[in-house]
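Residues -35 to -1, 1 to 407, numbered by mature numbering (1 follows the signal peptide of the UniProt record, and there is no 0), are exactly what the sequence shown covers, in order.
Treat the hints with care, as some may be off.
[Unchecked claim] Pair by pair, the computed Cβ-Cβ distance ranges are:
id, residue 1, residue 2, range
1, Y20, L59, 11 to 21 Å
2, K395, L59, 32 to 42 Å
3, T344, P187, 37 to 47 Å
4, V176, P307, 45 to 55 Å
5, R260, E299, 24 to 34 Å
6, K395, K374, 18 to 28 Å
7, R43, T392, 31 to 41 Å
8, R43, G248, 24 to 34 Å
9, P305, G165, 47 to 57 Å
10, D300, A346, 27 to 37 Å
11, R10, D329, 21 to 31 Å
[To be verified] In silico lysine-lysine, DSS-like type, Cα no more than 25 Å apart, as pairs:
id, residue 1, residue 2
12, K161, K258
13, K374, K154
14, K112, K405
15, K48, K12
16, K48, K327
17, K122, K405
18, K56, K69
19, K258, K145
20, K163, K327
21, K12, K51
22, K154, K296
23, K12, K56
24, K405, K395
25, K116, K395
26, K327, K161
27, K193, K161
28, K12, K122
29, K374, K395
30, K12, K69
31, K163, K258
32, K145, K296
33, K112, K374
34, K169, K193
35, K258, K154
36, K122, K69
37, K69, K48
38, K69, K51
39, K374, K161
40, K258, K395
Because the hints were derived from the structure by calculation, they are not lab data. Nothing here was measured: the structure is a model prediction, and the numbers come from that model. Virtual Cβ for every residue (Gly too), placed ideally from N, Cα, C.
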Amino acid sequence: MTSQKLSRRTFVKTAAAGLPMACLAPGVFVNTARAAEKARNPNERLKIGSIGMRYQGSVIADKAQQYGDIVAIADVDREIAEKARKQFGGKATLFEDYREMLDKADIDVVTIGAPDHWHTKMLIDACQAGKDVYCEKPLSLTVDEGKIINKVVDETKAVVQVGTWQRSDHRFRQAVEMIKDGRIGNLQKVTVTLSKNKTGGPFKPESVPSVLNWDLWQGQTPEVPYIKERCHYTFRWWYEYSGGQMTDWGAHHIDIAQWGAGMQETGPVDIEGTATFPNVENGYNVALDYHLKARYANGVVLEVNDSGRTGVMFEGDEGRIFVNRGTIAGKPVEDLAKNPLPRESFNVYAHDNLSRPPRMGKLDAIVNHMGNFFDCIETRATPISSVQNQHRSVTVCHIGNISQRLGRKLTWDPQQEQFVGDAEANTWLKREQRAGYEIKDT
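Construct all of the structure, not just a fragment, from the sequences and the given hints.
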C-alpha cells in the first residue's frame, strides 16, 4: 500500500475485493469502512444522494452541495425528482425507490427530506449501507423507532445530523448558554408555545397522479385510497404519518426546552396532556386544541400551549428569557451589555467551529447546521443535533401526543423508556407496519 491517501469509495472497493465473503457482514464491513474515513482525500468532492426533494429536501440538498456534489436523487414523485435534477445541475441519476439508490449509486452521504413516517427506515437503511446522513426532523414516528435508530447508529458508527437547525441558530444557542451560565438563576419552568393544528375535511379520494408511486409513498402506514391532502406538505395533519404541531414545531421548540433544562439525555417523569379531536371522515385527525404539562426529576416543569406568541420561555428564580426565531429577550439579555457572554466561552456543545460566523434565521442557521454535519464527517465527532439527543426530545412529543389521545396523566420512566403501570399506554410506543416496510430491531 502506498502512502497516498485513499478516498472512502476507493477504500470500500479495495476492501471488498480483498476480503472473503464471510467478512462482508454489514456491521463488520461498514465499521471497517468508517474507520478509514479520516483517510479520505481532502481534495476529492464527496458524492451526495438526496431523498425526498419537495421544498425542505431541496433546501438541505442546496446547503449540502457546498461540501459535495448531488449525484443521485430519489423521490416517489417523478415530477418533483425531475425538477430537483434541474435545480442541481441536471446530471444526477434519478431513482423512484431510495433503496435502489443506496444499492446502485456511488455515494458517500445521504440527505433525507421525506415525510416523517419514512425518516426512521431511510435513516437506518442509509447507515447500514455505510453512509453518513443528514435527516430532517422529527427523527422518528414512534418512541420505539428512536430506540432502534440509536442502536443502528451506535453499531455502524455513522455520523448523523438531525435537522433541528435551531441548535445552530445563534439566538437559541445564546439562550441555552445563558441558562447554563446561571443568568436566570435556578431554572424552574419552561413554557413552549406552538401554533394550532390545521383543520380540514372531508376530502375526496381521487385517482393517483401518474407521476406518483402512492403505494411507496405510504410505506409502513395503512394502505388507503389516494387523497391529495394526505400527501406532500399536508401529511403532517394526519396521525398516520406525523403528529401535528407537537412533532412538527415541537421537535424544534421542545428540543430547545430540553437542551436548556439540561435534560437532553433523559426525559420527564410524568406527563399530562389534554386535547379535543375532530371527527371528520377522510379529514385531518390531529388535535383541535391541546395542552401539555410534564415534570422532570429535578423539579423543572415543561408546559406546551397551542396559542400565544410562539417560542420558548425559560423562567428561573432570578429572571427569565424568551426566545423564538426572531427574538431573544428578557432582562438577562439586556444585561449582556455590561456583563457579556462571548461566543468563545460557549460550552454546551463540545465540537464548535468558531470560524463559522453566528447565524440567525432558518436558511442562514441551516448553513451552520449543515457545516457542523460535514465538520463531523471529517472528524467523526458527534453532531450538535445527534440521534441521541433528538430521540430524547421527540420522545417528549410522542408521549405528549399519547397522553392527549388517552386523556390521562401518565408516569414515564426515562431510563427504561416506557410508561409505568400502564400497559395500554405502552402499546402506543410502536405501531403496526405494512408488510414489506417493516422497521426491524437489530
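Against the structure, the hints come out as follows:
1. Y20 to L59: 11 to 21 Å: holds (18 Å)
2. K395 to L59: 32 to 42 Å: Between K395 and L59, where Cβ atoms are some 33 Å apart, the hint holds.
3. T344 to P187: 37 to 47 Å: holds (42 Å)
4. V176 to P307: 45 to 55 Å: holds (52 Å)
5. R260 to E299: 24 to 34 Å: Hint holds: Cβ distance 30 Å, inside 24 to 34 Å.
6. K395 to K374: 18 to 28 Å: At 22 Å between Cβs, range holds.
7. R43 to T392: 31 to 41 Å: holds (38 Å)
8. R43 to G248: 24 to 34 Å: holds (28 Å)
9. P305 to G165: 47 to 57 Å: holds (48 Å)
10. D300 to A346: 27 to 37 Å: holds (33 Å)
11. R10 to D329: 21 to 31 Å: holds (24 Å)
12. K161 to K258: holds (17 Å)
13. K374 to K154: holds (19 Å)
14. K112 to K405: Since the Cα atoms of K112 and K405 sit roughly 11 Å apart, the hinted pair holds (cutoff 25 Å).
15. K48 to K12: holds (20 Å)
16. K48 to K327: holds (23 Å)
17. K122 to K405: holds (19 Å)
18. K56 to K69: The hint holds at about 16 Å.
19. K258 to K145: Since the Cα atoms of K258 and K145 sit roughly 23 Å apart, the hinted pair holds (cutoff 25 Å).
20. K163 to K327: holds (22 Å)
21. K12 to K51: Roughly 17 Å between the alpha carbons, so the hint for K12 and K51 holds.
22. K154 to K296: holds (17 Å)
23. K12 to K56: holds (12 Å)
24. K405 to K395: holds (12 Å)
25. K116 to K395: At roughly 16 Å apart (the allowed maximum being 25 Å), K395 and K116 satisfy the hint.
26. K327 to K161: holds (21 Å)
27. K193 to K161: Measuring from Cα to Cα gives roughly 22 Å; hence the hint holds.
28. K12 to K122: Given that 25 Å is the threshold and the Cα spacing comes to 19 Å, the pair holds.
29. K374 to K395: holds (19 Å)
30. K12 to K69: Measuring from Cα to Cα gives roughly 13 Å; hence the hint holds.
31. K163 to K258: With a Cα-Cα distance of about 22 Å, the restraint between K163 and K258 holds, given a limit of 25 Å.
32. K145 to K296: Holds. K145 to K296 sits at ~16 Å (cutoff 25 Å).
33. K112 to K374: holds (23 Å)
34. K169 to K193: Roughly 9 Å separates the two Cα atoms, so the pair holds.
35. K258 to K154: holds (11 Å)
36. K122 to K69: With Cα atoms ~22 Å apart, K122 and K69 stay inside 25 Å; holds.
37. K69 to K48: holds (22 Å)
38. K69 to K51: Holds, at about 21 Å.
39. K374 to K161: Holds - the C-alpha atoms of K161 and K374 are around 22 Å apart, at most 25 Å.
40. K258 to K395: The given pair, whose Cα atoms are some 22 Å apart, holds under the 25 Å limit.
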